[in-house]
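Visitor: With chain A fixed as given, assemble chain B onto it according to the hints.
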Amino acid sequence: MSFLEKLLAIDRRIIFLFIAIAAALPLFFTVKLHIEVTPIVNNVYNALEALPPGSKVLLSMDYDPGSMPELQPMAESFLRYCFLRDLKVIIIGLWPNGPIQANIALEEVFKDEEVKNRNPQYGIDYVNLGYTVGNEVVVERMGSDIPATFPKDYTGNKTEDLPLMKGVKNYNNIDFVYNLSAGYPGTYEWVIFAVDPYKIKLAAGNTAVQAPLVYPYVQSGQLIGVLGGMKGGAEFEIATGKPAKAVKYMFSQSVTHAVICFFILIGNFAYFATRKKKGS
Amino acid sequence: MVETIGIWIAAILTLGIFSFLYKDNPFYKFCESLFVGVSAGYWFATTFWQVMMPKLVDNLAAGRWIYIIGGIFGILMLLRLFPKIGWISRWSLALVVGTTAGLYFTRYLVSNGMVQTENTIMPIFVTGNLPQTIGNLVIVVGTFCGLVYFFFSKEHKGTFGGFAKVGIWFIMVSFGASFGYTVMSRMSLLLGRLDYLFGTWLGLIK
Chain A
591 MSFLEKLLAI
601 DRRIIFLFIA
611 IAAALPLFFT
621 VKLHIEVTPI
631 VNNVYNALEA
641 LPPGSKVLLS
651 MDYDPGSMPE
661 LQPMAESFLR
671 YCFLRDLKVI
681 IIGLWPNGPI
691 QANIALEEVF
701 KDEEVKNRNP
711 QYGIDYVNLG
721 YTVGNEVVVE
731 RMGSDIPATF
741 PKDYTGNKTE
751 DLPLMKGVKN
761 YNNIDFVYNL
771 SAGYPGTYEW
781 VIFAVDPYKI
791 KLAAGNTAVQ
801 APLVYPYVQS
811 GQLIGVLGGM
821 KGGAEFEIAT
831 GKPAKAVKYM
841 FSQSVTHAVI
851 CFFILIGNFA
861 YFATRKKKGS
Chain B
145 MVETIGIWIA
155 AILTLGIFSF
165 LYKDNPFYKF
175 CESLFVGVSA
185 GYWFATTFWQ
195 VMMPKLVDNL
205 AAGRWIYIIG
215 GIFGILMLLR
225 LFPKIGWISR
235 WSLALVVGTT
245 AGLYFTRYLV
255 SNGMVQTENT
265 IMPIFVTGNL
275 PQTIGNLVIV
285 VGTFCGLVYF
295 FFSKEHKGTF
305 GGFAKVGIWF
315 IMVSFGASFG
325 YTVMSRMSLL
335 LGRLDYLFGT
345 WLGLIK
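Heads up: the protein sequence lines correspond to chains A and B, in order.
According to my numbering, the first sequence holds residues 591 to 870 in order.
According to my numbering, the second sequence holds residues 145 to 350 in order.
Just chain A, same shape as in the assembly (with noise of 0.2 Å):
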């Protein structure tokens, strides 16, 4: 058996081996690398910065633990600048494991100095309304009633007796949306059911795999940008000024694709190489 044959016959456990430690030992080192921020993230932080303090902005957590690494970096630096902006934070869940997420995130952006001194309190700076079952169709009914959407917040208070959901009726009353999401329900359904019947103005961070899937709806202008993956997490990071876990995990995360990137090449290079040979 040829060199080449043999690098075709690579026992798969030895390339997890590479992969393993390609991520891992790049997490014991802190590495400045140049994250450039692309128009399609820098839309959503001009969008915001473009919000007056005091404006609500509706959060919608639609994922579950499994997409933590990816999606809650988004969560923290997305609540972190809403709290420093003095943007109002209306939370809501369309999964059932989102408003959990979404508190763990408060829990850890409330550990950051500039947040305690600002002192955000629940129910006049942020809310957090819980989950409600219904899928696209909470989406939409949104549209016409939120408090009935919602009747109470996660602990149980009424919703019409939050002063932040004071004159809060519809979309009418949210000045930006931001929806984190996994899969269904999710963006799909924040554009088809809530941008184009009631025009609101929605921006998305996606798990790497769903970001393909909603690029699309950025170019068609029903989606003002889109936070796609880790990267996407890291570049509004940098966007914002605050450079958290989504850039910690860049260096790792380039890291693991070189190495990647190596046996795509030096396995095609193999393949098209033995197959000339037999050909020959």
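If you're looking for bench data, these hints aren't it; they were derived computationally from the structure.
Just so you know, even glycine gets a beta-carbon here, dropped at the ideal spot from N, CA and C.
Hints should not be assumed to be uniformly reliable.
[What the hints assert, rightly or not] Between beta-carbon pairs, the in silico distance windows are: (1) A:Ile-694 to B:Leu-200: 27 to 35 Å; (2) A:Ala-738 to B:Gly-324: 40 to 48 Å; (3) A:Ala-863 to B:Asn-273: 37 to 45 Å; (4) B:Trp-152 to A:Glu-639: 37 to 45 Å; (5) B:Thr-158 to A:Ala-863: 36 to 44 Å.
[As the list claims (entries may be wrong)] Once the Cα atoms are required to be at most 30 Å apart in a straight line, the calculated DSS-like pairs of lysine-lysine come out as: (6) B:Lys-199 to A:Lys-789; (7) B:Lys-199 to A:Lys-756; (8) A:Lys-867 to A:Lys-832; (9) A:Lys-791 to A:Lys-706; (10) A:Lys-596 to A:Lys-789; (11) B:Lys-199 to A:Lys-759; (12) A:Lys-701 to A:Lys-742; (13) A:Lys-742 to B:Lys-199; (14) B:Lys-199 to A:Lys-867; (15) A:Lys-838 to A:Lys-701; (16) B:Lys-350 to A:Lys-701; (17) A:Lys-868 to B:Lys-350; (18) A:Lys-748 to A:Lys-789; (19) A:Lys-622 to A:Lys-596; (20) A:Lys-646 to B:Lys-199; (21) A:Lys-622 to B:Lys-350; (22) B:Lys-309 to A:Lys-838; (23) A:Lys-866 to B:Lys-309; (24) A:Lys-596 to B:Lys-167; (25) A:Lys-759 to A:Lys-748; (26) A:Lys-748 to B:Lys-199; (27) A:Lys-759 to A:Lys-789; (28) A:Lys-622 to A:Lys-701; (29) A:Lys-832 to B:Lys-350; (30) A:Lys-838 to A:Lys-622; (31) A:Lys-748 to A:Lys-701; (32) A:Lys-646 to A:Lys-832; (33) A:Lys-701 to A:Lys-646; (34) A:Lys-706 to B:Lys-301; (35) A:Lys-867 to A:Lys-706; (36) A:Lys-701 to A:Lys-789.
[What the hints assert, rightly or not] To be clear about the criterion: a stretch of chain A counts as covered by chain B if any three or more of its residues have a C-beta under 8 Å from a C-beta of chain B, and this derived list gives those stretches: (37) 606 to 619; (38) 658 to 666; (39) 723 to 734; (40) 784 to 791.
Guide: Just chain B, lined up with the frame of chain A:
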């Protein structure tokens, strides 16, 4: 103390699932079965407390009797468990399918049909903006050739075949992009677990 125990359990179970990468083994099987069992229990409890109680029981208790209709259709769905009268569950399914189809028909047509088509009809050449012009060309040519590829009523030969071939190239590029993003996604999940193992569990990463 409780938190520490939780961290250790999570770390050991993570290692158990990772052990499958070497080969199938009883430890992996145990972790997998535990995950399936816990998930089933968790979702049952979640559905009961976050759907059944607030949406049905609480509403009925408050005298909003209209919700009984939903409750009845829900019970009808469960009749599938009895083969002799299982056919009645189709009424509930018919309601779900009919409502969803109706809801999606117009919305989907507008968002994914009309708006997307409208945004493909654009002036190709933008004076003084070469990148935009190239982008517009890619969108128009890609959409047209992609559609030609899926037109099977005419044999893919000659000029028509040429367009179809360009279409398949565009489709391949989009598959490649999706694959690349999927790899990025999976690596992110791996990084999340490794950070948990080395950071939260072992405390080696600050």
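Visitor: For the pair supplied as a hint, Lys-791 of chain A and Lys-706 of chain A, confirm whether the alpha-carbon distance does not exceed 30 Å.
Guide: holds (29 Å)
Visitor: If you draw a straight line from the CA of Lys-748 of chain A to the CA of Lys-199 of chain B, is it 30 Å or shorter?
Guide: Holds: Lys-748 of chain A and Lys-199 of chain B sit about 15 Å apart, inside 30 Å.
Visitor: Regarding the pair Lys-350 of chain B and Lys-701 of chain A, is the alpha-carbon distance no greater than 30 Å?
Guide: Holds, at about 15 Å.
Visitor: Within a Cα-Cα threshold of 30 Å, do Lys-838 of chain A and Lys-701 of chain A meet the stated pairing?
Guide: holds (18 Å)
Visitor: Would you say the segment 658 to 666 of chain A counts as covered by chain B, given the rule of at least 3 residues with C-beta under 8 Å?
Guide: Result for this restraint: holds, n = 3.
Visitor: Please verify whether Lys-596 of chain A and Lys-167 of chain B have alpha carbons no more than 30 Å apart.
Guide: holds (21 Å)
Visitor: At a Cβ distance under 8 Å, does chain B reach at least three residues of the segment 723 to 734 of chain A?
Guide: holds (count 4)
Visitor: Between Lys-622 of chain A and Lys-350 of chain B, is the straight-line Cα distance small enough, at 30 Å or below?
Guide: holds (16 Å)
Visitor: Check, residue by residue, whether the segment 784 to 791 of chain A contains three or more positions whose beta-carbon lies closer than 8 Å to a beta-carbon of chain B, and give the verdict.
Guide: Per the Cβ count (3), the hint holds.
Visitor: Within a Cα-Cα threshold of 30 Å, do Lys-759 of chain A and Lys-789 of chain A meet the stated pairing?
Guide: It holds: about 16 Å lies between the C-alpha atoms, which stays within 30 Å.
Visitor: With respect to the beta-carbon atoms only, verify the hint that Thr-158 of chain B and Ala-863 of chain A lie 36 to 44 Å apart.
Guide: holds (39 Å)
Visitor: Hey, Lys-759 of chain A versus Lys-748 of chain A, does the alpha-carbon distance stay inside 30 Å?
Guide: holds (14 Å)
In this structure, the hints that do not hold are numbers 8, 10, 14, 17, 19, 22, 34, 35 and 36, in rising order.
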